[in-house]
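Given the structure of chain Z, go ahead and fit chain P onto it with the hints provided.
Number of protein chains: 2
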Amino acid sequence: MPLPDAAEHRRRTAALQREMQTRDLSAILLTAEPDIRHVTGFLSRFWESPTRPWFVVVPAAGDPVAVIPSIGAALMAKTWITDIRDWPAPAPADDGLSLLAEALREAVPAGGRIGAPMGPETVLRMPQADFARLREMLAPRVFVDATPAVRAVREVKSPVEIASIEAACAAAGAAFAAVPGFAAPGAALRDVFRDFQIGCLKGGADWVPYLAGGAGPGGYDDVISPATAAPLAAGDVLMIDTGAVVDGYFCDFDRNFAVGRADDAARRAYHALYAATDAGLAAARAGITAAELHAAMADAIGRAGGAPIGGRFGHGLGMQLTEWPSVQPGDETVLREGMVLTLEPGVHAAPGRIMVAEEDIVLTAHGARLLTRRAPPDLPVLTGGGLA
Amino acid sequence: MPLPDAAEHRRRTAALQREMQTRDLSAILLTAEPDIRHVTGFLSRFWESPTRPWFVVVPAAGDPVAVIPSIGAALMAKTWITDIRDWPAPAPADDGLSLLAEALREAVPAGGRIGAPMGPETVLRMPQADFARLREMLAPRVFVDATPAVRAVREVKSPVEIASIEAACAAAGAAFAAVPGFAAPGAALRDVFRDFQIGCLKGGADWVPYLAGGAGPGGYDDVISPATAAPLAAGDVLMIDTGAVVDGYFCDFDRNFAVGRADDAARRAYHALYAATDAGLAAARAGITAAELHAAMADAIGRAGGAPIGGRFGHGLGMQLTEWPSVQPGDETVLREGMVLTLEPGVHAAPGRIMVAEEDIVLTAHGARLLTRRAPPDLPVLTGGGLA
Numbered sequence: 001m002p003l004p005d006a007a008e009h010r011r012r013t014a015a016l017q018r019e020m021q022t023r024d025l026s027a028i029l030l031t032a033e034p035d036i037r038h039v040t041g042f043l044s045r046f047w048e049s050p051t052r053p054w055f056v057v058v059p060a061a062g063d064p065v066a067v068i069p070s071i072g073a074a075l076m077a078k079t080w081i082t083d084i085r086d087w088p089a090p091a092p093a094d095d096g097l098s099l100l101a102e103a104l105r106e107a108v109p110a111g112g113r114i115g116a117p118m119g120p121e122t123v124l125r126m127p128q129a130d131f132a133r134l135r136e137m138l139a140p141r142v143f144v145d146a147t148p149a150v151r152a153v154r155e156v157k158s159p160v161e162i163a164s165i166e167a168a169c170a171a172a173g174a175a176f177a178a179v180p181g182f183a184a185p186g187a188a189l190r191d192v193f194r195d196f197q198i199g200c201l202k203g204g205a206d207w208v209p210y211l212a213g214g215a216g217p218g219g220y221d222d223v224i225s226p227a228t229a230a231p232l233a234a235g236d237v238l239m240i241d242t243g244a245v246v247d248g249y250f251c252d253f254d255r256n257f258a259v260g261r262a263d264d265a266a267r268r269a270y271h272a273l274y275a276a277t278d279a280g281l282a283a284a285r286a287g288i289t290a291a292e293l294h295a296a297m298a299d300a301i302g303r304a305g306g307a308p309i310g311g312r313f314g315h316g317l318g319m320q321l322t323e324w325p326s327v328q329p330g331d332e333t334v335l336r337e338g339m340v341l342t343l344e345p346g347v348h349a350a351p352g353r354i355m356v357a358e359e360d361i362v363l364t365a366h367g368a369r370l371l372t373r374r375a376p377p378d379l380p381v382l383t384g385g386g387l388a
Numbered sequence: 001m002p003l004p005d006a007a008e009h010r011r012r013t014a015a016l017q018r019e020m021q022t023r024d025l026s027a028i029l030l031t032a033e034p035d036i037r038h039v040t041g042f043l044s045r046f047w048e049s050p051t052r053p054w055f056v057v058v059p060a061a062g063d064p065v066a067v068i069p070s071i072g073a074a075l076m077a078k079t080w081i082t083d084i085r086d087w088p089a090p091a092p093a094d095d096g097l098s099l100l101a102e103a104l105r106e107a108v109p110a111g112g113r114i115g116a117p118m119g120p121e122t123v124l125r126m127p128q129a130d131f132a133r134l135r136e137m138l139a140p141r142v143f144v145d146a147t148p149a150v151r152a153v154r155e156v157k158s159p160v161e162i163a164s165i166e167a168a169c170a171a172a173g174a175a176f177a178a179v180p181g182f183a184a185p186g187a188a189l190r191d192v193f194r195d196f197q198i199g200c201l202k203g204g205a206d207w208v209p210y211l212a213g214g215a216g217p218g219g220y221d222d223v224i225s226p227a228t229a230a231p232l233a234a235g236d237v238l239m240i241d242t243g244a245v246v247d248g249y250f251c252d253f254d255r256n257f258a259v260g261r262a263d264d265a266a267r268r269a270y271h272a273l274y275a276a277t278d279a280g281l282a283a284a285r286a287g288i289t290a291a292e293l294h295a296a297m298a299d300a301i302g303r304a305g306g307a308p309i310g311g312r313f314g315h316g317l318g319m320q321l322t323e324w325p326s327v328q329p330g331d332e333t334v335l336r337e338g339m340v341l342t343l344e345p346g347v348h349a350a351p352g353r354i355m356v357a358e359e360d361i362v363l364t365a366h367g368a369r370l371l372t373r374r375a376p377p378d379l380p381v382l383t384g385g386g387l388a
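So the sequence lines, in the order shown, correspond to chains Z and P.
Start counting the first sequence at 1; every next residue gets the next number (this note's numbering).
Start counting the second sequence at 1; every next residue gets the next number (this note's numbering).
This is chain Z alone, in the form it adopts within the complex (with noise of 0.2 angstroms):
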């Protein structure tokens, strides 16, 4: 992956100090993977590991503070960050607790308020406890909740951000293109998650951290299982959705196909859900709501004669496999330039069975852009020699 681009982040730094300038936050603290990278551009798989709490106090103006485990000083050092303050970790009696207290109280006056992500779709990254001998130690400084400052900020994506998630699109796009070389009848849906994969890293992927799927006679009755040893059978419908990695980027998109054969209650699902796509791909622009896309999909699968299944029809997509928006009735975030977003819409398909279609996209000043190259108007049809 190319060096971490120190412009690119001290812009992201800057834009987040505003934010916080708007807010009446001394500092913000980050404990979170993507939003320790979004700032440091900071980028490691070790956060796999959940035994160190790690820090970035980003102070209302100045540079970030990294408050580290020392087993990734060497690798925050080649980022633009040039305070980096770090402990021996794991020391559960005190681990890095101090060394964060202190660099609290340096950017924030007694009284101060210090921003971190509570809200929606955000975790403290540290032990419960931590945080709250943390409050102690800092009191009388208040902790409030920053997530609109920090979502303010990630949810809109620069030109580098875009190209590593347009990557990561061509990287499973490839997979999916190989998927009839390898997915047939009497495969077992095992073997073809681990091909599936394979086949991502062979078109590009750093890694491949999600992929989940169903398949099942007419559709699928759940989206999030992972393999079985079940083999497909002759009137499936396979769905393969996966989260494919290119520095640090996800793509987030499933492709159907049937097994064998298709039939018409499949055939019209699927259909469907090529108008659903088509109507959020004319819909999708700045200026309207995530709420008012939802309902474009939400419509044409109506007008298309199926019956849309609960849930979002989409999200955010970045440095997560998922984020904010949710496009979904009552999200009423408004969508902005530069925002991308996946399209999701879902159909019953049969009794107990369901079909959904997912692509990705980035809005522009014209309105959708696709970084997915889209799934065929037609349900294609594995027959183990290829499509038929």
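It should be emphasised that the hints constitute simulated quantities derived from the structure, not laboratory data.
Incorrect hints may appear among the rest.
Pulled a few chain P residues facing chain Z out of the computed Cβ check, cut under 8 angstroms [stated by the list, open to error]:
1) D95
2) L99
3) P120
4) A174
5) R194
6) W207
7) P308
8) G310
9) A365
10) P376
Even for Gly, the Cβ is constructed at its ideal location relative to N, Cα and C.
Just chain P now, kept in the frame of chain Z:
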């Protein structure tokens, strides 16, 4: 993957309930993936999406209650859990809180104690603002740290868990065996990492959540970096460290290779690590402490004329890449039969350069049993045509 075994998960739940009784807990609230899977058997890669919180309430007596997003209800219904209460998440205004509060009120009398993991190596996986609101909703009930209860049960692995970890070790072992076929002077580290992950999948891994490593002349300066496009050069020492997963269980071990040629300092460092691992294998048994296991390895490095690095020399392993305890000075955890641990000694190999070795073991009644096929006694040299 096999369907979750009801008897296995009932045993785990009963063990947790025994810990709760000695700690006067009326219920435990679980929010993190491994904790929830440990009790229910619920396995999904969908946890990669941070959008939705998931909750399981384990009462002091009786069966657990799952309070989860509707998207997971079908999959949870395939486990032994029968009391499943779902809501159409994401619902930012009330993202499961009312349902969760009701389940906790049923299990916990007013004034009772609710445990939640809040200590070292834990994260409360729900928005912090929601947790604050939940505490208010449930007052005068109080939340207390349940890390010791959860840890006591999760640290000791069952035979089926050990078998899964061993299968993950075999999958990564197959990939390590293939390294001489694709890693040689001139190969880009990024391509080596990609081929290595393909090797894990071909070797039987379900997925490859973790891969890190480093390469540099005579050693590396960092063990958590992602791969760059930099080519391997003759004289480099390449280290690859992976966490591959089978049936939801990790391996975590590394291998070192000399690229083109090995210098004497690298060979000496490798031998010191090998001697340290020998000492760790001989010392590891139920009844000693994690700190004593560290000392056995550090002393062996000293006897071999090496200089041990700081930090820990191993850790627990299971549903997470890293778990309690830490094999380091000060960790007085008494080791128990059934614990799965990594032995991970590190030495200074050259100025600014380190080398680290890692193997996975389980503690039996007769001491340590290797779950990995042990690294070779001499530093292997990659020549492009295989091993020298």
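Given hint R194(P) near chain Z, where the shortest CB pair must fall under 8 angstroms: holds (5 angstroms)
Does the interface hint hold: is P308(P) within less than 8 angstroms of chain Z, judged Cβ to Cβ? violated (13 angstroms)
With a cut-off of 8 angstroms, does the beta carbon of A365(P) approach a beta carbon of chain Z closely enough for the hint to hold? Nearest chain Z Cβ about 28 angstroms off; hint violated.
Hint P376(P) vs chain Z: min CB-CB distance below 8 angstroms? At about 26 angstroms, which exceeds the 8 angstroms cut-off, the nearest Cβ of chain Z leaves the hint on P376(P) violated.
Min Cβ distance, W207(P) to chain Z: is it shorter than 8 angstroms? holds (7 angstroms)
Going by Cβ atoms only, is D95(P) closer than 8 angstroms to chain Z? holds (7 angstroms)
Given a cut of 8 angstroms on the nearest C-beta pair, is the interface hint for L99(P) held or broken against chain Z? violated (17 angstroms)
Does the CB of G310(P) sit less than 8 angstroms away from some CB of chain Z? holds (6 angstroms)
Does the nearest C-beta of chain Z fall within a distance shorter than 8 angstroms of the C-beta of A174(P)? violated (13 angstroms)
Should the interface hint for P120(P) be scored as holding, given a Cβ-Cβ cut-off of 8 angstroms against chain Z? The hint holds - P120(P) has a Cβ within 8 angstroms of chain Z, the shortest such distance being about 4 angstroms.
The structure fails to meet hints 2, 4, 7, 9 and 10 from the earlier list, while all remaining hints are met.
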